[in-house]
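*Asks:* What follows is each chain in one-letter form.
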Amino acid sequence: MSTSSRLARTLKSVQERKGSFSEAWTKLRKHALDQLIHHGLPSFRDEDYKYTPLHGRWEQIDPSVKAVSSVDGSSSGSFSWAIPLGLRPQEGISVDFWKGSPPQDPRWDIDFLAEYVSDPFACLNILLAEEGYFLDVEGGQRLGDPILLPSFRECGRSSIRVGAGAQVILIQAEQGQAKGFQNDFQEIICGKGSRVLYYQVQEEGSERTRVNNVFVELADRAYFQACTFSFSRGMTRNNLHVRLKNPGAEAHLHGLYLPVQKSLIDYHTHVHHLSGQTESHQLYKGILRDQAQGVFRGRIQILPHAQKTYAYQRNQTILCDPRAVMHAQPQLEIEADDVKCSHGCTTGYLDKAALFYLQARGISLPVAQQLIFSSFLRELLDIEDLRLKEYLEEKMLKTLLPSGYDS
Amino acid sequence: MLSIKDLHVSAEDKPILKGLNLSVNAGEVHAIMGPNGSGKSTMASFLAGREGYHLLRGKVQFKGKDLLSLAPEERAGEGLFLAFQYPVEIPGLGSLQFLKTALQEIRKYRAQEKLKTTEFMKIVHQHAETMGIAMEMLTRPLNEGFSGGEKKRHEIFQMAVLSPSLSILDETDSGLDIDALRTVAKGVNALRAKKNAMILITHYQRLLDYIVPDKVHILFEGQIIKSGSKLLAQELEKKGYEELIASYQKKLSDTSA
Ligand SMILES: Nc1ncnc2c1ncn2[C@@H]1O[C@H](COP(=O)(O)OP(=O)(O)OP(=O)(O)O)[C@@H](O)[C@H]1O
Ligand SMILES: [Mg+2]
Chain C
769 MSTSSRLART LKSVQERKGS FSEAWTKLRK HALDQLIHHG LPSFRDEDYK YTPLHGRWEQ
829 IDPSVKAVSS VDGSSSGSFS WAIPLGLRPQ EGISVDFWKG SPPQDPRWDI DFLAEYVSDP
889 FACLNILLAE EGYFLDVEGG QRLGDPILLP SFRECGRSSI RVGAGAQVIL IQAEQGQAKG
949 FQNDFQEIIC GKGSRVLYYQ VQEEGSERTR VNNVFVELAD RAYFQACTFS FSRGMTRNNL
1009 HVRLKNPGAE AHLHGLYLPV QKSLIDYHTH VHHLSGQTES HQLYKGILRD QAQGVFRGRI
1069 QILPHAQKTY AYQRNQTILC DPRAVMHAQP QLEIEADDVK CSHGCTTGYL DKAALFYLQA
1129 RGISLPVAQQ LIFSSFLREL LDIEDLRLKE YLEEKMLKTL LPSGYDS
Chain E
111 MLSIKDLHVS AEDKPILKGL NLSVNAGEVH AIMGPNGSGK STMASFLAGR EGYHLLRGKV
171 QFKGKDLLSL APEERAGEGL FLAFQYPVEI PGLGSLQFLK TALQEIRKYR AQEKLKTTEF
231 MKIVHQHAET MGIAMEMLTR PLNEGFSGGE KKRHEIFQMA VLSPSLSILD ETDSGLDIDA
291 LRTVAKGVNA LRAKKNAMIL ITHYQRLLDY IVPDKVHILF EGQIIKSGSK LLAQELEKKG
351 YEELIASYQK KLSDTSA
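Heads up: the sequence lines are chains C and E, in that order.
Remember, my numbering sits 768 above the position in the first sequence when you count from 1.
Remember, my numbering sits 110 above the position in the second sequence when you count from 1.
Honestly, the hints are just simulated from the structure, not real lab data.
Warning: the hint list may mix true and false statements.
[What the hints assert, rightly or not] As a list, the in silico DSBU-like pairs of lysine-lysine whose alpha-carbon atoms are at most 35 Å apart:
hint, chain 1, residue 1, chain 2, residue 2
1, C, Lys1120, E, Lys128
2, E, Lys325, E, Lys360
3, E, Lys115, C, Lys1157
4, C, Lys1166, E, Lys226
5, E, Lys296, E, Lys169
6, E, Lys210, C, Lys1120
7, C, Lys1120, E, Lys349
8, C, Lys1120, E, Lys224
9, C, Lys1120, E, Lys218
10, E, Lys348, C, Lys1120
11, E, Lys218, C, Lys1166
12, C, Lys1163, E, Lys348
13, C, Lys1120, E, Lys169
14, E, Lys115, E, Lys348
15, C, Lys1120, E, Lys361
16, E, Lys261, C, Lys1163
17, C, Lys1120, E, Lys173
18, C, Lys1166, E, Lys210
19, C, Lys1157, E, Lys261
20, C, Lys1163, E, Lys226
21, C, Lys1157, E, Lys124
22, C, Lys1166, E, Lys224
23, C, Lys1166, E, Lys261
24, E, Lys340, E, Lys360
25, E, Lys218, C, Lys1157
26, C, Lys1166, C, Lys1120
27, C, Lys1163, E, Lys224
28, E, Lys296, C, Lys1120
29, C, Lys1120, E, Lys261
30, E, Lys232, C, Lys1120
31, E, Lys360, E, Lys349
32, E, Lys115, E, Lys169
33, E, Lys210, C, Lys1163
34, E, Lys232, C, Lys1166
35, C, Lys1157, E, Lys210
36, C, Lys1163, E, Lys218
37, C, Lys1157, E, Lys232
38, C, Lys867, C, Lys795
39, C, Lys1120, E, Lys115
40, C, Lys1120, E, Lys305
Whole structure, please, built from the sequences with the hints as guidance.
*Replies:* Laid out in structure tokens, this is it:
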């Protein structure tokens, strides 16, 4: 099927989508629709989707073909120490779930969304979102236990607001194994002086395609950390857009990716320094086996008046197989002059000399590889929540060791 | 313990070892000397199982086993240890985790029980003290940011912890200050025992003042051209290689004439 007829089909199913929308949402939907018609569906011709092979996956993505997915079991079993969102009333937070059409709610900042959302999947999410929630963390609240955020089957949309001075740990875990396409959108608004730790754990099965749009805004002195640990077996595209709006805001974006077989894990980050005296750190590291593919495209944008800004970016990948491919590309758009900015991307094969050194000390090949890999990834596992750290460490070691090997 | 017979090895089509013969018995310490590029490190790395070499001819037996049929980790499991001329840095890997894994893997190979952490730490403390290695250094990633001398000392510390039956030390004395040299010698001598053997590759007589060898061999162009007692090293220190090599070449042309 050609891209244009595919687009026509997509638009038709969008138009057939029933529901009553508020005036504001109708306006936003129209904007999203215009964007889609104007830009079309993404293909490898798009700079942003050049390395994300969507062809062959449209049957999953096309909203007119309803996925045969069943609701996946909740992931809370693996994260039993975290409190599932909305399970019981919790002091200092309020949660509102919605289903069907997005409700009329002052918390949607429609103008803002219309201005900034141009990605085709973000547009599709506006048009197709069927369920979601609002999570508000009251100012000054310091929540010790992590909150486990719910995951949606297809097209979820959530809005998280963290009040001034509040502290919260959020875990978003995806363990869906069923065949299907998931396109979700999450906005996280970090208030003045708030501290937000946001962990994503992706363990989707090989039949799954996922586009994960996360949109973050930081006010004065807000501290935000996003750690995306991806063990996905299918195709996962992570779009992370961070806006540092006021002085003192600090964002740390970390990613760890271990794709195997034919999976693809894609990170597109966009760090936007809108104000001076803001700071961003990006660290993305991964190991690619078999015919797996990785993508890292890190965009740093510093506006002319955003002086005394610090932006740091590093991407390192080890390839274990000549068939594995990594596409790494920094994209710096720096318009201010009093700026400290550094970036580096390296991709290389496993260090044979290091491997031999370990083997010569009696360490068998699979264990030696596991040691080198886990040492390489260690700096990403410096996680405050110790139970999560333990969970991820175990998961990582298991993924790095060939099956059937008992150390 | 080790028997090398008519060993011919090449790397990238270049013959490097050209008929090497060497026999080392338990309890012995052998020194191997020879000019730069004569093949000393090649011999050591090849015996330890490094990739990239091609065996043209010859046999190597280690404790009655065909050494060359074993993987590098199996050779270590059998009790072979190579102290590297250039120890490798492994970013992020803690020295202690590395050593513990090595020891456990060797024990696993030998079908021995896993070592308890407390027992492991006891061994570590004991040898760290002898080798003058601060515990602080052991918390750092392996060889990362170690000085040249520290790396060499760490190699001997690893040797002490793993307690191999045959150790090959490739220029462990190079780049050491006099105190470090004494410490390294102390470590080596502590391991010297009836059941253990050692091969010291060195350029300097200096080391042999501290570790007195039973035999000294001169390697030249991939062959041992002369063997003798510790006196050979002293003779070499005085005269240099030139005279030795000249007389070897004369002997060669005499026999072919
Ligand atoms: N992988 C290789 N490919 C090609 N040539 C090699 C390789 N390894 C060693 N050589 C060559 O073989 C010869 C012997 O090298 P080797 O490192 O064994 O010497 P050495 O006796 O240890 O010298 P030194 O005293 O300088 O340490 C040298 O000429 C070296 O360039
Ligand atoms: Mg050498």
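*Asks:* For each hint, tell me whether it holds in the structure or not.
*Replies:* Results for each hint:
| no. | hint | in the structure |
| --- | --- | --- |
| 1 | C:Lys1120 - E:Lys128 | holds, 26 Å |
| 2 | E:Lys325 - E:Lys360 | holds, 24 Å |
| 3 | E:Lys115 - C:Lys1157 | violated, 53 Å |
| 4 | C:Lys1166 - E:Lys226 | holds, 23 Å |
| 5 | E:Lys296 - E:Lys169 | holds, 33 Å |
| 6 | E:Lys210 - C:Lys1120 | holds, 21 Å |
| 7 | C:Lys1120 - E:Lys349 | violated, 40 Å |
| 8 | C:Lys1120 - E:Lys224 | holds, 28 Å |
| 9 | C:Lys1120 - E:Lys218 | holds, 24 Å |
| 10 | E:Lys348 - C:Lys1120 | violated, 40 Å |
| 11 | E:Lys218 - C:Lys1166 | holds, 20 Å |
| 12 | C:Lys1163 - E:Lys348 | violated, 61 Å |
| 13 | C:Lys1120 - E:Lys169 | holds, 26 Å |
| 14 | E:Lys115 - E:Lys348 | holds, 31 Å |
| 15 | C:Lys1120 - E:Lys361 | violated, 42 Å |
| 16 | E:Lys261 - C:Lys1163 | holds, 33 Å |
| 17 | C:Lys1120 - E:Lys173 | holds, 28 Å |
| 18 | C:Lys1166 - E:Lys210 | holds, 19 Å |
| 19 | C:Lys1157 - E:Lys261 | holds, 32 Å |
| 20 | C:Lys1163 - E:Lys226 | holds, 24 Å |
| 21 | C:Lys1157 - E:Lys124 | violated, 50 Å |
| 22 | C:Lys1166 - E:Lys224 | holds, 20 Å |
| 23 | C:Lys1166 - E:Lys261 | holds, 32 Å |
| 24 | E:Lys340 - E:Lys360 | holds, 24 Å |
| 25 | E:Lys218 - C:Lys1157 | holds, 28 Å |
| 26 | C:Lys1166 - C:Lys1120 | holds, 22 Å |
| 27 | C:Lys1163 - E:Lys224 | holds, 23 Å |
| 28 | E:Lys296 - C:Lys1120 | holds, 32 Å |
| 29 | C:Lys1120 - E:Lys261 | holds, 19 Å |
| 30 | E:Lys232 - C:Lys1120 | holds, 32 Å |
| 31 | E:Lys360 - E:Lys349 | holds, 17 Å |
| 32 | E:Lys115 - E:Lys169 | holds, 5 Å |
| 33 | E:Lys210 - C:Lys1163 | holds, 22 Å |
| 34 | E:Lys232 - C:Lys1166 | holds, 30 Å |
| 35 | C:Lys1157 - E:Lys210 | holds, 22 Å |
| 36 | C:Lys1163 - E:Lys218 | holds, 24 Å |
| 37 | C:Lys1157 - E:Lys232 | holds, 29 Å |
| 38 | C:Lys867 - C:Lys795 | holds, 20 Å |
| 39 | C:Lys1120 - E:Lys115 | holds, 29 Å |
| 40 | C:Lys1120 - E:Lys305 | holds, 33 Å |
Going down the numbered hints, you'll see the structure goes against 3, 7, 10, 12, 15 and 21, while the others check out.
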